[in-house]
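A.B. asks: Those sequence lines, one after another, are chains A and B. Residues in the first sequence are numbered consecutively from 1, following the working numbering. Residues in the second sequence are numbered consecutively from 1, following the working numbering.
Hints were generated in silico from the structure; no laboratory data involved. Only a predicted model underlies this, so the values are computations on that prediction, with no experimental measurement involved. Treat the hints with care, since some could be wrong.
[Stated by the list, open to error] Covered stretches of chain A (in silico footprint by chain B; criterion: 3 or more residues with CB under 8 Å from a CB of chain B, positions within the stretch not fixed): (1) 19-27; (2) 198-211; (3) 596-602; (4) 689-696.
[As the list claims (entries may be wrong)] Computed beta-carbon distance windows for the label pairs: (5) A/A74 / B/D69: 55 to 63 Å; (6) B/R17 / A/D230: 37 to 45 Å; (7) B/D56 / A/A74: 53 to 61 Å.
Note that CB positions come from ideal geometry on N, CA and C, so glycine has one too.
Here are the chains, one letter per residue:
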Amino acid sequence: MAELRAKTSPQGSDPARGSLIGKRIPKMDAPDKASGRTRYIHDINLPGQLHAKILRSSERHAKIVSIDTRAAKALPGVHAVITAADVPWQRPIGVAKDHLPLKTDRVRSLRDEIAAVAADSVEIAEEALGLIRVDYAPLPVLTDPVAALAPDAPRIHPAPQGADGGPSLKPGLPVAYTGKPDNVAMVMEYAQGDVAAGEAGSALVVEDVFRLHYVTHCCLGVSGVIAEFDPSGNLLLYSNTQVPFLHKREFAELLDIDPGRVRIIQPPIGGGFGSKLDIYPFEPIAIFLAKITGRPVKLVFTREEEFLASPTRQPVLLKLRSGCTKDGVLTFREVETLHDNGAYTSWGATTPFVMMQTVSSLYRVPHCRYRTRAVYTNNPYAGSFRGYGNLQATFAVEAHMDRLAEALGIDPLEFRLKNAQDPGEVTPQGMHFKTCGLKDCLRTAAERGDFLRKHAANRARWSDGDPVKRGVGMASMLHVGGGAKIYPSDGCGTILKIDDFAHVTLITGASEIGQGSETVLAQLVCEELGLPLSAVTVVNNDTDITPWDVGVHASRTTFIAGNSAIGAARKAKDKILALASSKCGDAAEALDLAEGCVVKKATGERVFELAKLIRSLHFSDKAELVMTTHYYEPPSVHQDKQFKGDVSAAYAWATQVCEVEVDTRTGIVRLVKVTGAHDVGRVLNRLGIEGQIEGGIVMGQGYALTENLMVEDGWVRNPNFRDYKLVTAPEIPEIDVSFIETMDGEGPQGAKGVGEAPAICIAAAVANAIYNATGVRLTSLPFTPERVYRALHGAAQPLEWNVPQ
Amino acid sequence: MPARIDIAFRLNGVGKRASVAPETSALEMLREVIGLTGTKYGCGEGECGACTILVDGVTINACLMFAADCDGRDVMTIEGVNATPRGEALRRAFVEHGAVQCGFCTPGIMVQAWHLLESNPHADQATIQRGIEGNLCRCTGYKKIIEAVAAAEAVERGQTPVEQSREVQRG
Numbered sequence: 001m002a003e004l005r006a007k008t009s010p011q012g013s014d015p016a017r018g019s020l021i022g023k024r025i026p027k028m029d030a031p032d033k034a035s036g037r038t039r040y041i042h043d044i045n046l047p048g049q050l051h052a053k054i055l056r057s058s059e060r061h062a063k064i065v066s067i068d069t070r071a072a073k074a075l076p077g078v079h080a081v082i083t084a085a086d087v088p089w090q091r092p093i094g095v096a097k098d099h100l101p102l103k104t105d106r107v108r109s110l111r112d113e114i115a116a117v118a119a120d121s122v123e124i125a126e127e128a129l130g131l132i133r134v135d136y137a138p139l140p141v142l143t144d145p146v147a148a149l150a151p152d153a154p155r156i157h158p159a160p161q162g163a164d165g166g167p168s169l170k171p172g173l174p175v176a177y178t179g180k181p182d183n184v185a186m187v188m189e190y191a192q193g194d195v196a197a198g199e200a201g202s203a204l205v206v207e208d209v210f211r212l213h214y215v216t217h218c219c220l221g222v223s224g225v226i227a228e229f230d231p232s233g234n235l236l237l238y239s240n241t242q243v244p245f246l247h248k249r250e251f252a253e254l255l256d257i258d259p260g261r262v263r264i265i266q267p268p269i270g271g272g273f274g275s276k277l278d279i280y281p282f283e284p285i286a287i288f289l290a291k292i293t294g295r296p297v298k299l300v301f302t303r304e305e306e307f308l309a310s311p312t313r314q315p316v317l318l319k320l321r322s323g324c325t326k327d328g329v330l331t332f333r334e335v336e337t338l339h340d341n342g343a344y345t346s347w348g349a350t351t352p353f354v355m356m357q358t359v360s361s362l363y364r365v366p367h368c369r370y371r372t373r374a375v376y377t378n379n380p381y382a383g384s385f386r387g388y389g390n391l392q393a394t395f396a397v398e399a400h401m402d403r404l405a406e407a408l409g410i411d412p413l414e415f416r417l418k419n420a421q422d423p424g425e426v427t428p429q430g431m432h433f434k435t436c437g438l439k440d441c442l443r444t445a446a447e448r449g450d451f452l453r454k455h456a457a458n459r460a461r462w463s464d465g466d467p468v469k470r471g472v473g474m475a476s477m478l479h480v481g482g483g484a485k486i487y488p489s490d491g492c493g494t495i496l497k498i499d500d501f502a503h504v505t506l507i508t509g510a511s512e513i514g515q516g517s518e519t520v521l522a523q524l525v526c527e528e529l530g531l532p533l534s535a536v537t538v539v540n541n542d543t544d545i546t547p548w549d550v551g552v553h554a555s556r557t558t559f560i561a562g563n564s565a566i567g568a569a570r571k572a573k574d575k576i577l578a579l580a581s582s583k584c585g586d587a588a589e590a591l592d593l594a595e596g597c598v599v600k601k602a603t604g605e606r607v608f609e610l611a612k613l614i615r616s617l618h619f620s621d622k623a624e625l626v627m628t629t630h631y632y633e634p635p636s637v638h639q640d641k642q643f644k645g646d647v648s649a650a651y652a653w654a655t656q657v658c659e660v661e662v663d664t665r666t667g668i669v670r671l672v673k674v675t676g677a678h679d680v681g682r683v684l685n686r687l688g689i690e691g692q693i694e695g696g697i698v699m700g701q702g703y704a705l706t707e708n709l710m711v712e713d714g715w716v717r718n719p720n721f722r723d724y725k726l727v728t729a730p731e732i733p734e735i736d737v738s739f740i741e742t743m744d745g746e747g748p749q750g751a752k753g754v755g756e757a758p759a760i761c762i763a764a765a766v767a768n769a770i771y772n773a774t775g776v777r778l779t780s781l782p783f784t785p786e787r788v789y790r791a792l793h794g795a796a797q798p799l800e801w802n803v804p805q
Numbered sequence: 001m002p003a004r005i006d007i008a009f010r011l012n013g014v015g016k017r018a019s020v021a022p023e024t025s026a027l028e029m030l031r032e033v034i035g036l037t038g039t040k041y042g043c044g045e046g047e048c049g050a051c052t053i054l055v056d057g058v059t060i061n062a063c064l065m066f067a068a069d070c071d072g073r074d075v076m077t078i079e080g081v082n083a084t085p086r087g088e089a090l091r092r093a094f095v096e097h098g099a100v101q102c103g104f105c106t107p108g109i110m111v112q113a114w115h116l117l118e119s120n121p122h123a124d125q126a127t128i129q130r131g132i133e134g135n136l137c138r139c140t141g142y143k144k145i146i147e148a149v150a151a152a153e154a155v156e157r158g159q160t161p162v163e164q165s166r167e168v169q170r171g
């Protein structure tokens, strides 16, 4: 059985001494994790459990002519073999509800699920898969998103049909997916001002085309799920979802049952990074098998499956035009992108929502137009991934900013400062930057990275004959830092109780995904209640216990769940101080909580020991406990249909300066140093925030230099860690991070969200640094030795925007 | 039924007998047969280091070793490393230096770091970086892991590492 994740701090029982804010607080779950005691989903086994495996398509695009499961069903130890025919009640899943968990009439990519087996062991399940015979009739394969827009392109989503030629989703079912008339999965358009007028007022216009590649999350813990039904038909799911409450509802819809009958327990998660924001077919399939067999069913991926069948960051072709006055003031910006959606629609299709914010509002741009089309292909499909489109948008915008600066003859720092946002600004898109440290970030990163001097010195060495060049580049970013109201509510609930011994149980809707949220939430509660971290237990992983939260995304947990936890703690504090006031006669306002006691605010003199005071309330004739609840809803707005509105309660900013060494003989680029300055509002847990930023920087390094999911004609060429290159320990750069504390008025203790920010700038800053080193601009990621070598030796093809309107 | 092989070996200092199928890996045996789940499956092909164990004092990827080949060997897993003074020092350093985020790679890196310090008690930073290059971590960016191993090494030498100071500004 999974344990409730209820831990106390490794800090021991030292009484709190002063504020914990800004200190280096070890993560509460670290001792268990470092000793291998933590039970991830892979480590959990339920009595009577069966093991499931999925048969995936061996074709990229084909009609399913027949599926023969007889031999697999006859194999001893096999309890069920299912295909779409066995679950006629299945419903499409995903953001556009265009994806049936088990495919009916056709497969659209290599990952497609055709059949699934539940057996006594993984080995038997695998053997059974080998006995299933599928006959395909190949269809034309479409893997180029530009070709997908052609009028005569093969259709990826015609109306689905069953083997009998009839509609594969039976009439009368709640969702009747009728297919798509063309290959356009989603279009998102945004406009502000008058781009033509902006262009007319420009002294200079620059146009660039950029190409962004496939990368994938590579969570060290592979995907997995355990599904179990009780005799009454209630579903218990052990799942690593980042959005348990949204999924509870989706699984209920899938089964056509009341969401109250779905319980999700989240065991500790072996990495998330956005990968677990959507439902993927393996989860419904495990549920189908559990329902059909009446047994708990566990389904865990292999690493190869993880590469083939989990979502990717979305590959994007992007055209960007901007203009400015001769003084370097931006006049307009126009962006068009083509997203390769892959065969189905997940959150990847909605990343323009974030991309357009960077395009419209990272700098002041009076006139702006943005358009994305996401098109279906027979490639792997794209999901959400830390940064959510912002790595792509920032790569383009910030490389382009350097191009504009150079064309103007202004240094990149001055050009950015000239166009940077200030506190108080309300952008045409409706974002209100109540705090904004962008200019401080720019100046601090430039100064600590010795940017201007190095930038000039490196350029002077372009033709000095040395084959190894040094370069320095900068990039800035804007990202939501106070949640993102993409649903009608962006809130989080907290239940807080204090027991007879002044031990606090903090029950929060916010999921811990390794980022350290439970520690920072406990810390915020301790700050209110004057208690040591060891006095708090956090419960955060069971939808039957925890109050609602929208999920772990948009760098929102510290901000939203933090404010929620503070709200609950303040209510408890009010109750305690009112009680103390009634007993000692001092006004409640003159009292405070510190070091486990009620104290006089003015002098610090101890009035009551907290535990004793609480017991005196409990064991009195008016017997009461200290139990509070709080729901925090940030003062942000759901954007209108034009994508305008103040979507976040705060915005995070950063500038990163990257220094590279380019070996012109080999094309090898080494990231030497990253100097970052991050507007984080306020540092809460210094150890935690450093960890988030360092990890993000190295993830950005992988995006820029080493990681590349090689998808060729729909085949994934490198579904393994040997050929998909994650950055390893010897390759990391020197990292210097400064925190710009803008003390956000809405943030918990002044803090903003920071989870996604550090990964966002690196690729752009590295591109600018390679240019600074060599005078050659790369516009396609990643900067592998081969690509860099070709560019340096004049063998790179310039990118063209040849996308039909 | 496929043939099974009876083996005997030392596991974390205690004699152990097991009956395993010829194709069973040491990783599967540890996790599924014996029930020691601190050793993790990350890739199954020796590329990520999440299943690092010590066999006769040398680190190997348990996913690449047949269980049958444990016969007669001395095997130590994260559970055994924990019980040693060096394992304790490493755990404390990993916790205090923030070297743990999702934690999935951590046991493998702990075992690798234990072996590194065993074979090179005076490892400098570059040696530590080289020493753990076979272990992938997606969360931390390795910096705090390297700092933690260096701190554990300093503790072994009787020194306390100096905390790095960082600049904080108010805007």
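A.B. asks: Determine for every hint whether it applies to the structure shown.
C.D. replies: We went through each hint and held it up to the structure:
{"no.": "1", "hint": "19-27", "result": "holds (count 4)"}
{"no.": "2", "hint": "198-211", "result": "violated (count 0)"}
{"no.": "3", "hint": "596-602", "result": "violated (count 0)"}
{"no.": "4", "hint": "689-696", "result": "holds (count 5)"}
{"no.": "5", "hint": "A/A74 / B/D69: 55 to 63 Å", "result": "violated, 35 Å"}
{"no.": "6", "hint": "B/R17 / A/D230: 37 to 45 Å", "result": "holds, 38 Å"}
{"no.": "7", "hint": "B/D56 / A/A74: 53 to 61 Å", "result": "violated, 45 Å"}
When held up to the earlier numbered hints, the structure conflicts with 2, 3, 5, 7 and fits the remainder.
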